[in-house]
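Using the hints provided, position chain B relative to the given structure of chain A.
In the order they appear, the protein sequences are chains A and B. Here the first sequence is numbered in the working numbering, starting from -12 and rising by one per residue. Here the second sequence is numbered in the working numbering, starting from -12 and rising by one per residue.
Any given hint could turn out to be false.
[Unchecked claim] With a straight-line cut-off of 25 Å between C-alpha atoms, the simulated PhoX-like cross-links for lysine-lysine are:
#1 A:K90 <-> B:K247
#2 A:K181 <-> A:K160
#3 A:K46 <-> A:K63
#4 A:K210 <-> A:K181
#5 B:K181 <-> B:K210
#6 B:K56 <-> B:K40
#7 A:K160 <-> A:K128
#8 B:K65 <-> B:K46
#9 A:K90 <-> A:K128
#10 B:K65 <-> A:K247
#11 B:K63 <-> B:K90
#12 B:K90 <-> A:K190
#13 A:K36 <-> A:K190
#14 B:K247 <-> A:K63
#15 A:K56 <-> B:K190
#16 B:K261 <-> A:K36
#17 B:K56 <-> B:K46
#18 A:K247 <-> A:K210
#19 B:K40 <-> B:K63
#20 B:K36 <-> A:K65
#21 B:K261 <-> B:K210
#22 A:K261 <-> B:K261
#23 A:K261 <-> A:K40
#24 B:K261 <-> B:K40
#25 A:K247 <-> B:K90
#26 A:K90 <-> B:K65
#27 A:K247 <-> B:K63
#28 A:K261 <-> B:K36
#29 A:K40 <-> A:K63
#30 B:K247 <-> B:K190
#31 B:K247 <-> A:K247
#32 A:K190 <-> A:K210
[Said to hold, decoys possible] Beyond 10 Å from chain A on every Cβ pair, some chain B residues (computed):
#33 S102
#34 N129
#35 I131
#36 E134
#37 T165
#38 K181
#39 R232
#40 I237
Because the hints were derived from the structure by calculation, they are not lab data. Glycine residues also receive a C-beta, built at the ideal position from the N, C-alpha and C atoms.
Below, each chain spelled out in residue letters.
Protein chains: 2
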Amino acid sequence: MLKLIGLGLSLEFTTLRSIAELVNCDEVVIDSYTSAWFPSLDIVVQALKAMGKSVRIAKREDLEGTATKYLIDMAKSKDVCVAVPGDPMIATTHAALVVDAIKQGVEVVVVPSMSVINAIYGISCLQSYRIGKIATVVRPKNGIVYEYPLHVIRYNRERDLHTPLLLEIDLEKGYFMTPREALEILLDIQHHLKLDVLSEDDKIVIIKAFGSRTSTIVYTSIKEVLDGIAELEERTVYTIIVPARRLHPIEEECLQNIGKIVYRYSHIDIDLIKLLNILSKSANR
Amino acid sequence: MLKLIGLGLSLEFTTLRSIAELVNCDEVVIDSYTSAWFPSLDIVVQALKAMGKSVRIAKREDLEGTATKYLIDMAKSKDVCVAVPGDPMIATTHAALVVDAIKQGVEVVVVPSMSVINAIYGISCLQSYRIGKIATVVRPKNGIVYEYPLHVIRYNRERDLHTPLLLEIDLEKGYFMTPREALEILLDIQHHLKLDVLSEDDKIVIIKAFGSRTSTIVYTSIKEVLDGIAELEERTVYTIIVPARRLHPIEEECLQNIGKIVYRYSHIDIDLIKLLNILSKSANR
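Chain A on its own, in the form it takes in the complex:
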């Protein structure tokens, strides 16, 4: 059996189902490259090792292309689990792994979890019916500029929809795009295309490292971000939401107060080994 288990955004945003599935694995492979996870995947590794599980941290090349053959073969005789920060099926590479395994007759179990996309709906003050297509802002590569996110914002704004923007991360190289970098890229594209989609006075929502100890949500103007806001310069995961030009009164009031809503939580000292043991005794497939 092959299980893809979402770990949510952080240890404390992991579900009971995901924890219960983790203890029923013969081999655990932890995807360390598609999403960030707080405080650190080492906690999961240590807890599973303490229970006598075989566990290893995988890099991109371990979970893509021909490397998946090894995993799928192993899943024919053992319960192999791929634990994924966030939601396992958001990344196309995992969906492809699932399809390959099924084609080879392996039973596949998928356990969804909260991802950054979920957080956009839950913590941005914006109404779910007005959230449009998502885009990712990436750095120009080999001279190629990805203009697509600006077109998505334009398209959504023309239809009075909000645009969630994921910012490029490269966990293997330790790169996290900051909101300032993302806005500079978008404004460069706009300048180059002679469009008028974003103005420096536009206010945007920025979600920083949700689920971590330094998590924060800010509602501020593009200009202020470009001028530099210290807490938004830290290299970590960010999501920007560019709201529609017209806000619903409750969206507006909520956004005006978003800095006062507490989304950064008190410390809980989670004994993962104890939890794994409790849920292990009560789970059986």
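Leaving out everything else, chain B in the frame of chain A:
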């Protein structure tokens, strides 16, 4: 302090953070009317009562309009928690409560969780970048037919996007719209408007009661649903996703196999009281 705590889609999809927050409440009010929750909210009530907490199940009139004054006043001197199936901020009524509380100087903590919207991204085989605006299908009321969802599907399909459709539920009256009813409503609207958005041969994704013991995901034609599929006639929560006409090859392959991906899980016997106690000892604000 006022805390809005998401309970996710079911007991097993509750996060450690939500459980840890629940034990630190003086008064718990459980919203029983915005979303379904599996197996039953009584489990939460019983566990919290066993810990000596004051807890009650709230109806719509207890959490809207003037009734919120009572909650906000109480939150000035105590830790009052509103526990909400799914994600607390998806419902506009909860966002309004948060804003009112903040305006009165009450500290507000919000704990997001998975909602049905999150599940659309995680378990539909469809790529997150291609998911368009969401709509809800409701029954005609007082002779008024809500044509809006058909326009949203048309709009999304013209732009090659998938359309998630939430189906009307009325938990207080025990009403859950079935996929067949929803499609009949949409086809009636289409007929009336002389549009050509949906054809009976179109294949759609139906998510049934995710998180429950009878959960299932089906990829089938509109015609087959209209003809009657027994497991989709049960009165419970459904989500339909109308895919774009053109699918990405991995979406297509994943959908062809979606019936083989296991999203209905083995039983885990969760001792909520024990979990509450463990997380209670380790949490402090």
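Structure-based check of each hint:
{"no.": "1", "hint": "A:K90 <-> B:K247", "in the structure": "holds (10 Å)"}
{"no.": "2", "hint": "A:K181 <-> A:K160", "in the structure": "violated (34 Å)"}
{"no.": "3", "hint": "A:K46 <-> A:K63", "in the structure": "holds (22 Å)"}
{"no.": "4", "hint": "A:K210 <-> A:K181", "in the structure": "holds (19 Å)"}
{"no.": "5", "hint": "B:K181 <-> B:K210", "in the structure": "holds (19 Å)"}
{"no.": "6", "hint": "B:K56 <-> B:K40", "in the structure": "holds (22 Å)"}
{"no.": "7", "hint": "A:K160 <-> A:K128", "in the structure": "holds (15 Å)"}
{"no.": "8", "hint": "B:K65 <-> B:K46", "in the structure": "holds (21 Å)"}
{"no.": "9", "hint": "A:K90 <-> A:K128", "in the structure": "violated (35 Å)"}
{"no.": "10", "hint": "B:K65 <-> A:K247", "in the structure": "holds (18 Å)"}
{"no.": "11", "hint": "B:K63 <-> B:K90", "in the structure": "holds (12 Å)"}
{"no.": "12", "hint": "B:K90 <-> A:K190", "in the structure": "holds (21 Å)"}
{"no.": "13", "hint": "A:K36 <-> A:K190", "in the structure": "violated (47 Å)"}
{"no.": "14", "hint": "B:K247 <-> A:K63", "in the structure": "holds (15 Å)"}
{"no.": "15", "hint": "A:K56 <-> B:K190", "in the structure": "violated (31 Å)"}
{"no.": "16", "hint": "B:K261 <-> A:K36", "in the structure": "holds (24 Å)"}
{"no.": "17", "hint": "B:K56 <-> B:K46", "in the structure": "holds (15 Å)"}
{"no.": "18", "hint": "A:K247 <-> A:K210", "in the structure": "holds (22 Å)"}
{"no.": "19", "hint": "B:K40 <-> B:K63", "in the structure": "holds (18 Å)"}
{"no.": "20", "hint": "B:K36 <-> A:K65", "in the structure": "violated (42 Å)"}
{"no.": "21", "hint": "B:K261 <-> B:K210", "in the structure": "violated (48 Å)"}
{"no.": "22", "hint": "A:K261 <-> B:K261", "in the structure": "holds (11 Å)"}
{"no.": "23", "hint": "A:K261 <-> A:K40", "in the structure": "holds (15 Å)"}
{"no.": "24", "hint": "B:K261 <-> B:K40", "in the structure": "holds (15 Å)"}
{"no.": "25", "hint": "A:K247 <-> B:K90", "in the structure": "holds (10 Å)"}
{"no.": "26", "hint": "A:K90 <-> B:K65", "in the structure": "violated (56 Å)"}
{"no.": "27", "hint": "A:K247 <-> B:K63", "in the structure": "holds (15 Å)"}
{"no.": "28", "hint": "A:K261 <-> B:K36", "in the structure": "holds (24 Å)"}
{"no.": "29", "hint": "A:K40 <-> A:K63", "in the structure": "holds (18 Å)"}
{"no.": "30", "hint": "B:K247 <-> B:K190", "in the structure": "holds (17 Å)"}
{"no.": "31", "hint": "B:K247 <-> A:K247", "in the structure": "violated (45 Å)"}
{"no.": "32", "hint": "A:K190 <-> A:K210", "in the structure": "holds (9 Å)"}
{"no.": "33", "hint": "S102", "in the structure": "violated (7 Å)"}
{"no.": "34", "hint": "N129", "in the structure": "holds (22 Å)"}
{"no.": "35", "hint": "I131", "in the structure": "holds (18 Å)"}
{"no.": "36", "hint": "E134", "in the structure": "holds (15 Å)"}
{"no.": "37", "hint": "T165", "in the structure": "holds (22 Å)"}
{"no.": "38", "hint": "K181", "in the structure": "holds (23 Å)"}
{"no.": "39", "hint": "R232", "in the structure": "holds (16 Å)"}
{"no.": "40", "hint": "I237", "in the structure": "violated (5 Å)"}
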